[in-house]
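With the sequences and hints as input, model every part of the structure.
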Amino acid sequence: MSALYGLMAEFDDPKAVVEAAEAARMAGYRKMDAYSPYPIEALSEALALPKSHVAKICLAGGIFGLAAGYGLQYWSSVIEYPMNIGGRPFHSWVAFIPPAYETTILFAAFSAVLGMLALNGLPQPYHPVFNVPAFAGASRDKFFLCIEAEDPLFDVEKTRAFLAAQPGVAAVEEVQP
Amino acid sequence: MTNATHPVPPALERMLTPTLALGVGALAVCGLGAMQSVEQFLRSYLFAFFFWVSVPIGALGLLMIQHLSGGRWGALLRRFFEAWSRTLPFALVLFLPVLLGYAKIYPWAHPAEGDRIVAHKALYLNGAFWIGRAVFYFALWSLFAWLFSKWSAEQDRDGLTPRLSSNYQALGGGGLVALVLSVSFASIDWGMSLNPHWFSTIYGVIYLVGAAMAVMALSIVLLARFAHDEPFLHVVRKDTIHDLGKLLFAFNMLWAYTNLSQFLIIWSGNLPEEIPFYLARVNGAWGALGLFVVLFHFVVPYAILLSRDVKRSLRLLAPVAGWLVLMRLVDTYWMIGPDLAGHHGAESAAFHPHWMDVLAPLGLGALFVHLFLRQLKSRPLVPQHEAELEPEAAHAAPAHA
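These protein sequence lines map, in sequence, to chains A and B. Each residue of the first sequence is one higher than the one before, starting from 6 at the first, in my numbering. Each residue of the second sequence is one higher than the one before, starting from 280 at the first, in my numbering.
Note that these hints are calculated values from the structure, not bench results. A portion of the hints provided could be inaccurate.
As the list claims (entries may be wrong) - Calculated pairs, EDC-like style, for lysine to aspartate or glutamate (alpha carbon to alpha carbon, straight line, at most 16 Å):
#1 B:K400 / B:D468
#2 B:K517 / A:E46
#3 A:K61 / B:D588
#4 A:K147 / A:D38
#5 B:K517 / B:D468
#6 B:K656 / B:E292
#7 B:K517 / B:E292
#8 A:K36 / A:D156
#9 B:K525 / B:D588
#10 A:K56 / B:D588
#11 B:K517 / A:E50
#12 A:K147 / A:E50
This is the structure:
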């Protein structure tokens with residue numbers, strides 16, 4: 006048998022998985038992830054996940070969109086095709102604001118979505134956690150905590166005993182790579 | 280009047296006397312100023328009132344919205360909004376100086392010879408009707424405030440019955456329509472009619488958004504003072520603060536959006552009956568003040584409130600919110616100041632702030648906060664029998680259920 010990807014504990018109750026994640030972090034485990042059918046804010050805190058970079062990517066995209074949208078209007082209305090419209094100045098910044106705002110939102114939204122996908126590593130056709138048959142419940146009504154074998158503290162027997170000792174645990178299963 | 284069986288934060292008790300003293304003191308000094316110039320007193324007082332009355336009005340609006348939308352932020356601040364809305368009957372009393380002296384500050388009370396435009400509007404803009412409308416607005420708003428507070432007291436006693444829940448929603452929905460319409464008319468009566476030649480259909484919306492923003496910002500400031508004491512200690516949660524921060528951020532964006540809409544349309548049209556409003560406000564000292572408002576009401580707070588950490592921490596959010604309360608006041612001054620000074624569309628209006636323009640908002644604000652605190656203290660400071668605030672729902676609850 007080749008090396009495991011990790012060990013996965015199954016829970017029926019969202020509270021139990023949060024408490025187990027907290028306990029695992031207290032015990033020194035770092036390389037782990039939890040799976041739930043819906044977002045649980047307390048779970049992200051319990052896992053002490055690092056701050057996501059999506060916000061920064063989104064901000065950068067927004068600033069780029071603002072500059073690009075405003076720049077496009079400036080270039081076309083002032084430099085390349087200056088036209089007298091109702092006697093207004095070529096650089097009619099008031100009228101430039103709504104389109105520049107729209108391109109800001111457009112680029113910020115695209116950066117956020119694409120940045121999120123890139124940082125998630127999606128699309129990802131294969132992930133070891135799906136080797137556990139019960140894992141299908143993660144998109145319905147089950148909660149999972151997976152401690153990965155890469156963790157320096159990982160030891161098949163000790164980690165299995167640790168997970169099995171968590172209150173509310175329904176099963177502990179090996180995750181094949 | 281208070282049999283304090285419910286916990287009251289010591290910070291609230293400590294604020295009661297100073298706010299009353301400051302309010303009465305500052306307004307008394309303004310009273311002395313009135314002996315010097317009744318007109319100047321009325322101008323400064325109207326400016327102060329126009330801003331401060333927006334806080335209970337905004338509170339009534341947010342109270343209705345949170346009954347419709349639900350959410351933990353609304354449950355947490357419901358008593359704040361209810362207490363603010365119960366200051367509305369007192370606000371009518373505080374409006375008395377303007378009701379009595381309106382003829383000295385509103386130009387439509389004495390239209391210039393041959394001013395046919397204002398003469399045509401006399402059917403609507405005349406003293407008796409204007410006063411009658413003001414009394415009607417306050418009566419309507421006070422009725423709404425009384426009903427919501429009455430039902431809320433019943434919920435404290437008996438829990439949330441289906442009857443109460445449907446009452447909340449019926450008055451929340453129907454009342455919101457009546458509120459938006461009546462506040463729109465009120466803002467036109469009190470603010471826009473200072474220049475009876477000018478009109479803007481978005482004026483009422485701008486006033487309402489500013490009102491919602493003012494009460495949200497002020498509530499965050501006050502909540503930060505009470506958060507470390509019962510009954511708030513265990514119900515103020517980071518994710519709820521985050522929601523309040525997001526709402527403040529959104530109201531600020533909406534404020535900018537409505538103001539830019541008005542500016543863009545009037546600027547593009549460049550019509551002689553509309554553009555004087557901005558001519559008086561973008562040149563000279565008023566223009567500098569306007570630029571200051573754009574930068575420090577919108578741009579800088581916007582950039583600060585982008586940060587998730589600021590929105591999630593009451594300690595960081597409260598100073599930003601406090602600053603925004605001040606900016607709401609400055610923006611109100613920019614909106615009605617040139618017209619109060621009697622410059623209707625001059626190329627550049629003279630900028631002569633008076634000491635009463637500072638003292639009147641200070642005094643009236645302290646008095647409003649005092650009235651609010653007394654109302655807040657008279658009932659449990661968080662709603663009882665409120666599912667949103669039960670500790671059970673606190674841990675591991677879905678963030679977006």
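Status of each hint after checking the structure:
{"no.": "1", "hint": "B:K400 / B:D468", "verdict": "12 Å, holds"}
{"no.": "2", "hint": "B:K517 / A:E46", "verdict": "11 Å, holds"}
{"no.": "3", "hint": "A:K61 / B:D588", "verdict": "13 Å, holds"}
{"no.": "4", "hint": "A:K147 / A:D38", "verdict": "14 Å, holds"}
{"no.": "5", "hint": "B:K517 / B:D468", "verdict": "41 Å, violated"}
{"no.": "6", "hint": "B:K656 / B:E292", "verdict": "9 Å, holds"}
{"no.": "7", "hint": "B:K517 / B:E292", "verdict": "25 Å, violated"}
{"no.": "8", "hint": "A:K36 / A:D156", "verdict": "5 Å, holds"}
{"no.": "9", "hint": "B:K525 / B:D588", "verdict": "11 Å, holds"}
{"no.": "10", "hint": "A:K56 / B:D588", "verdict": "11 Å, holds"}
{"no.": "11", "hint": "B:K517 / A:E50", "verdict": "12 Å, holds"}
{"no.": "12", "hint": "A:K147 / A:E50", "verdict": "19 Å, violated"}
Going down the numbered hints, you'll see the structure goes against 5, 7, 12, while the others check out.
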